[in-house]
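Novice: From first to last, the protein sequence lines are chains A and B.
Those letters in the first sequence? Residues 0 to 890, by numbering that gives the first Met the number 0.
Those letters in the second sequence? Residues 0 to 127, by numbering that gives the first Met the number 0.
Just so you know, these hints were derived from the structure itself, not from any lab.
Here are the simulated PhoX-like cross-link-like pairs (lysine-lysine), alpha carbons at most 20 Å apart as the crow flies:
1) A:Lys590 - A:Lys648
2) A:Lys187 - A:Lys154
3) A:Lys600 - A:Lys610
4) A:Lys150 - A:Lys117
5) B:Lys62 - A:Lys388
6) A:Lys150 - A:Lys125
7) A:Lys298 - B:Lys87
8) A:Lys153 - A:Lys182
9) A:Lys886 - A:Lys818
10) A:Lys388 - B:Lys58
11) A:Lys53 - A:Lys153
12) B:Lys45 - A:Lys298
13) B:Lys45 - A:Lys383
14) A:Lys235 - A:Lys142
15) A:Lys873 - A:Lys886
16) A:Lys575 - A:Lys527
17) A:Lys889 - A:Lys873
18) A:Lys610 - A:Lys767
19) A:Lys888 - A:Lys867
20) A:Lys383 - B:Lys62
21) A:Lys203 - A:Lys164
22) A:Lys298 - B:Lys58
23) A:Lys235 - A:Lys279
24) A:Lys164 - A:Lys154
25) B:Lys42 - A:Lys117
26) A:Lys383 - B:Lys58
Chain A side only, calculated, beta carbon under 10 Å to chain B, not exhaustive:
27) Val104
28) Met110
29) Glu379
Glycine included, every Cβ here is placed at the ideal spot set by N, Cα and C.
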Amino acid sequence: MLDKSIITSCDKCPKNGKCPDCLGHKNYVTLGNYLIYWERDYNEMSVFADQSRKVIKVIINLILVIISVLGLIALFYHIYLLKTANNDLLSIDNWQGIYLLVFLVSLIFDMFLFYRLKRNRFDIEKVVDSSSFDNTKEKLTEKNIYNVLSKDAKKLLIGAWFLSKKGKSKFITSLHLFLALLKYESVKLVFGRLGINQDSFKQKIERLIEERGDLKEKAISDFEMTMFNAYLLAYKTMSSHIEISHILTALGLSNEDVVELFLDSGIGVDQINNVITWVKLRDDLRNRYKRYKARSIFKPKGAMNRSMTAIATPFLDRFSQDMTYLAKMGYLELNVARDNKIEEIYRIIETGNNGVILVGQPGVGKDSVIEGLANRMAAEEVPKHLQDKRLISLSLSSLVSKSSAEGQVENNLLKVMNEVIRSGNIILIIQDIHNIVGITSAGTENVDLSEVLADVVAKYDVMIIGTTTPNDYTKYLERNPLSSNLLKVDLPEPNFNETVQILEAKTFSIEGKYNIYFSYQSIEKIVKLTSNYIHDRFQPSKSIKILEEVAVMVRKAKGKNHLVTAEDVSKIISEKVNIPLGDISASESDKLMNLEELIHKRVIGQHEAVKMVSSALRRARAELRDESKPITNLLFLGPTGVGKTELAKTVSQIFFNSEEDMIRLDMSEYQEKTSLARLIGMEGSEDGGVLTEAIRKNPFSLLLLDEIEKAHPDILNIFLQVMDDGRLTDSSGRTVDFSNCIIIATSNAAAFYIQDQVALGTDLKKIKQDLLQNELRSNFRPEFLNRFNGIVLFKPLEPKEVEQITVLMLRKVAKRLDKKGIHFLASDAAVKELSEIGFSKEFGARPLARAIQQRVDDSLANYLLTGKIGRRDKVVLEKGGEIRIEKAKKF
Amino acid sequence: MKIKQAALNILRLIFVDLVLEVIYFPLWWYSSGLYRTGSFCLKQIKNQWNNMGLSIHFKFLFKPMYAQRDFAGRAISFFARLVQLIFKLFAFLIFTLIFILIFILWIILPLFVIWQIKLNFKFLTDVR
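Work out the full structure, taking the sequences as your base and the hints as a guide.
Specialist: Structure, rendered in structure tokens:
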């Protein structure tokens, strides 16, 4: 934002006389026709002068106060004397004498005291503002930065000087200034919000000061730079004085050491700035609340306006709520970051429109805009058209529910509107105004309620503010006569910074309620994570919900007066969306680094595939992936029964902690073009499709597309978009987010080719190349294959691998028997035999399950049913499918 | 010795400041001070005008109250509003006078005090 280049260091100064360029100040900044410079020496003398000036000032003021009190005493004594002597108090002749003289003289001192106090407040120098620039003047006006330092800032500089003296420095450096800052409450608050440990931070600065020593004399010292930057900051924020906060920000901007110190704690300049704004926000809100409260005293409470032209509205009152009254009583929250929308409403109303429809998703703050408007109306801080008016929220549901007879709804609405028209001081709020479309009472010849309303609005000067959602607007209101009278105002989701501000405003009440404190990082994390991971709701409401929830959680877990950290936020959102989000713990890091081994406990062989999947998962967890695309898209190629589906299941188990979070679509069911409707929903239906609904309900899951080559090519086309943009729009217009999915497609295409080539001993790389260039062409289009992050070849299993699989499967049998208290073992020969029977080149390891079922499970079942095996017995599977039982000793 | 000299210098500077301040005092009273007091009083009077809604009362003098637009309604409204307006204007007048008085007091207070001191002084010396 600011840099050294703005500050001019004069190099044309003549040896004698005043330099015409810098006016003798060497380093300066020009703003308009002002020349800003820093001139202030800090040494024993100047500091002593400062201190003594302060003391003398207090002493003089004290003396003046004493004189004024003495004067008053003299006056009363004079009156007392007159009274006791029974003299006439009203006679001018009696108003003379020594005591009166004392009083009169004291009056002069009183005036002097008043002048001293007031002059300091009024006539003190201020930071220049651009409105006072006078370009006609040729001569520059000199301004010393020191003169616009606030009281605290001056005190801070003296504090910094004492620190530099203590450290035996020749002059104040920025680091001294920084160290002195740490003593201030407001700075402590900022550091607290940033989650900085102040003691260790202080030690770091002290160490740095020692290391740096007295820096070489530069053309412009660090300290001077900081003061210039602080001035420019105050100028930019239109502050009248340089406050401590400006100096803190200036340090964060201009001093490399300070920047490094902050970055070391993971904090950037923007964050410091935002926290300072946050700290100020509290005062802002408090002042605004006070101002509204004071100004709304004159707002009438009831139906009557100040000009008394209104009428009582008893009928309307039955169906409505007076928002301006609620605002006057202080029940409505102050809104933040939505001023521009309120201004837009003003503009529309001032140009003579009958009102607006606020169109926004649920939770983006439509109510908050209306409440903001009510607050301003109660304080009469609105344009003329809205002054001396009431904001009334009409409840459609109570209007409809209280109108049961035929034609009564229309009648009641007309009655309400009649009162509104006659009263002339009412602005009507109709929330969810789309609900009015299509309401008629019993009977067939009735008119739609929305048309009744549109008619009234068009004919009479009635102002209406409606709210609705974008979908409902398109569906019900776009072609409705109402929309021609009411202008549409779009209310988009607030952006990142606005959401942060809204949350900051909310923190004050939540902190008070639960006695905990939010760090700035936690607020940022909430907004970031909710934006990335919660898609079915909108900002800022989804963030506010988390804010409250995390406050309750921290209060319960840690107790009073604790800081909510970003880690707490990650934890709570991670629980909600069921994926790991927080900092990676040591045990998790271990797990991630040894993913291959972990997967190999379930999947035998297929090293290339396992490696590819593992590295994709590691990238995702380290947040290095492109967050607008699915976590990873993989295509598993290979013959049946070699572990493709098993690997997918394992990934789901490891990354999402459950196999159930896997959405499995058998693509052979989607061979017709018409089945697309099943996938993304039927046109015009609200139900949604199999794929879109599943992902919408569970966005963090593994999507397994089995036998993808069997699907119709048009269906494959929709996956092009999913894999590229991570989004898909279903038939009802909802966008479903796929960016937190792992997409795995499996295919048996060219399985025979793979088998043959592997049998021939061709290199795997070559097989893969051939596949992509020739064999797969008939099944997939090149752009489809291109979308995959990895195409993984599963080779046919080797006899040794089949043996390992057999062991794994027998372990499952053993586990089942273990529950019954029976110990199961298999001899090596038995395993070998089983693996030979259960393996075929064509079907991979698939027949193995059948073989185990027939050879092991069936016989075991017979033994169990006949009671030949009991608890604690040992069962051994021998070669030839024979089962040997070692009976346990009886008790 | 050197420090003592410097301290004395500083004290001298402070004293000069004080003298300048005293000299500037009457100047300030009748320039910047006068302007500020004037604008303060004017602001108070303006606020009072707004708070009492007097412009609204003037503007709506002929407009019927409570949306009663028949003749009787209009007639009654007019007189009711007139009475109200008179009362409010009276209250406003008193308020305004108070602030004008404050402004006048600002102007004459120093002169009056000096004049009175002179008189008293003369009286005391005469008595002796």
